[in-house]
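First residue of the sequence shown: -9, per the working numbering; consecutive thereafter.
FYI, nobody ran anything at the bench for these hints, they're computed from the structure. Do not take every clue at face value.
Said to hold, decoys possible - Simulated pairs of lysine-lysine, DSSO-like, Cα-Cα distance not exceeding 27 Å: (1) K40 - K109; (2) K208 - K219; (3) K124 - K32; (4) K226 - K124; (5) K204 - K193; (6) K252 - K109; (7) K124 - K252; (8) K133 - K204; (9) K40 - K116; (10) K32 - K109; (11) K208 - K116; (12) K193 - K124; (13) K204 - K124; (14) K116 - K133; (15) K85 - K32; (16) K226 - K252; (17) K116 - K226; (18) K217 - K109; (19) K32 - K208; (20) K204 - K226; (21) K124 - K85; (22) K217 - K193; (23) K252 - K219; (24) K116 - K32; (25) K85 - K204; (26) K252 - K217; (27) K204 - K116; (28) K219 - K109.
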Amino acid sequence: MKKGEVLETIFHHKNIRIQSNELGLLFGNNERLYLILQNNTKIEPTLFSKLETLSHSHNSHKLNIITSEPLSSNILELLENNTPQNIQNIEILPKSYVAHEFGNALLDYLMKPEEGPIKIDGSTTKQVNEVFIKPSLTLDEAKRISSKLGSVVNAELRLIPYYIIDYSTTIFDEDGQSSETISGTVRVDGITGDCSELSGEIKTAQNIDWTHHKFEPKFDSTVAIQKAKSAIIENKSRIIVREQDLGSAKVFEKKRLAPNDKDLFYNYRGIVYWPIWYFECSQGIIILDSTSSSIIHEEHFKHY
């Protein structure tokens, strides 16, 4: 698939329209328009009257102009004195900067895992109430992994309570001009309060046949939801740096993209008990996630 076909597919999926006009290539939506000026198009007063007509015809009050012409103090002065009244904000961006940012955004889009709520037993809407995650790591398999710490003195299957919470939020920059919608699922450890992202699918069971020790949560779902919200806001915040070339100098502007609590929506799915293998060995302790075979960090030893 060619680059252009990839972009067209993504834009169509995101309901972003693309069209050509006398000024260049236009794409965007009612929230914001992006205009890539044709090469050698000068930014001058006559351009702004055309921009006013363009913005009005698309019912958009925010416009980004992408140009190959180097930004200068003269261009910024023109922008300040000629911005049409019907446009709340015009931002002029150098083509080199946009190409760099757009390339990164495209790679992130193509390489990131699929967003959205996880599947529980094949459903993204299923609610659960104190069910168990099916272990995929048997005792013998776990013993083989733990043998790196010597012979096993004691082995125990422990069931750790996790609150499962779906979320959806919109991230705005500080001036509210651009946004990004994200969604996913967070699990909150009912003992430590630690939060982590979940992806893929989990399969549950009503009981566990193997001998086990079931831990009870130390706080309720209300507290878990607050912990999840705090973790989402912290983990999904990021700093972006914008560069403006003013000819004699380059100006770097930092902006923080972060979810706002009022824009954060959640769906509490319930509580599940996650199986882990706890081994006391002759040379130490090792804890294994029974669903992935991964080793749980030693800082959790005192809790489990």
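(request) Check each numbered hint against the structure and report the violated ones by number, ascending. (result) Those not satisfied are hints 1, 3, 4, 7, 9, 10, 14, 19, 20, 21, 24 and 25.
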